[in-house]
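S.K.: With the numbering used here as the guide, the letters of the sequence shown map in order to residues 1 to 110.
Take the hints with a grain of salt, since some may be wrong.
[To be verified] Calculated lysine to any residue pairs in the SDA-like style (CA-CA distance at most 25 Å, straight line): (1) K49 x I98; (2) K35 x D22; (3) K29 x Y60; (4) K107 x I48; (5) K107 x Y60; (6) K49 x V109; (7) K61 x V109; (8) K49 x Q108; (9) K49 x V102; (10) K16 x K35; (11) K107 x K16; (12) K29 x D58; (13) K16 x D30; (14) K107 x K35.
[To be verified] Here are the in silico distance ranges between beta carbons for each label pair: (15) M101 x D41: 25 to 33 Å; (16) S97 x D44: 29 to 37 Å; (17) R28 x L56: 28 to 36 Å.
No lab work stands behind these hints: they were computed from the structure. Note that beta-carbon positions come from the ideal geometry of N, C-alpha and C, so glycine has one too.
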Amino acid sequence: MQVSTQQNLPKEFQEKIIGSIDEIREARKDAMVEKWMRGVDLIDRNEIKDFRLNALYDEYKENLDAQWREKENIAGLVNIYNQKINQTIPRKNPTQSIDDMVENLRKQVR
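Based on the provided sequences and hints, a complete structural model is requested.
M.R.: This is how it looks when you write it as structure tokens:
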């Protein structure tokens with residue numbers, strides 16, 4: 001490992017810094033292994049939810065003007081397909097846009 005600084009440090013001081021950094025890294029690794037062995041969650045579940053929600057929201061913002069974001073009558077399309085196969089008329093299901101799904105997901109996370 002090399003320490004890059006704008007001012008030249010004595011070699012002995014650089015080695016001390018590198019040694020202390022390595023000690024800190026080893027101590028952190030040991031702590032993570034201890035947590036893992038005891039069954040403690042290494043990542044908080046709320047952090048995972050926040051990460052997923054942020055990714056979903058970013059995708060939502062990127063695709064605001066996309067045509068597929070509009071409400072689709074998926075139930076109607078399925079009905080047509082079922083009618084062709086089964087010659088029956090299934091009951092209609094309510095449709096939900098992605099905006100509504102994101103809103104519902106946000107309510108669950110809170």
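S.K.: Holds or violated: K29 and D58, Cα atoms, limit 25 Å.
M.R.: violated, 32 Å
S.K.: Is K35 close enough to D22, meaning Cα to Cα at most 25 Å?
M.R.: The hint holds at about 20 Å.
S.K.: K49 and V109 were given as a pair; does the straight-line alpha-carbon distance stay at or below 25 Å?
M.R.: holds, 7 Å
S.K.: For the pair supplied as a hint, K107 and K35, is the alpha-carbon distance within the 25 Å limit?
M.R.: violated, 31 Å
S.K.: Within 25 Å, alpha carbon to alpha carbon, are K49 and Q108?
M.R.: holds, 10 Å
S.K.: For the pair supplied as a hint, K61 and V109, is the alpha-carbon distance within the 25 Å limit?
M.R.: Cα-Cα ~19 Å, so holds.
S.K.: Would the pair K107 and Y60 pass a check requiring their Cα atoms to be no farther apart than 25 Å?
M.R.: holds, 16 Å
S.K.: Would you say the C-beta atoms of S97 and D44 sit inside 29 to 37 Å of each other?
M.R.: Cβ of S97 to Cβ of D44: about 31 Å, so the range 29 to 37 Å holds.
S.K.: Hey, K49 versus I98, does the alpha-carbon distance stay inside 25 Å?
M.R.: holds, 18 Å
S.K.: Given the hinted pair K107 and K16, is their alpha-carbon gap at most 25 Å?
M.R.: Outside the cut-off at roughly 51 Å; violated.
S.K.: Tell me if the beta carbons of R28 and L56 are separated by a distance inside 28 to 36 Å.
M.R.: Given range 28 to 36 Å: holds, Cβ gap about 31 Å.
S.K.: Regarding the pair K16 and K35, is the alpha-carbon distance no greater than 25 Å?
M.R.: Violated - the C-alpha atoms of K35 and K16 are around 29 Å apart, more than 25 Å.
The structure does not agree with the numbered hints 3, 10, 11, 12 and 14 stated previously, though it agrees with the rest.
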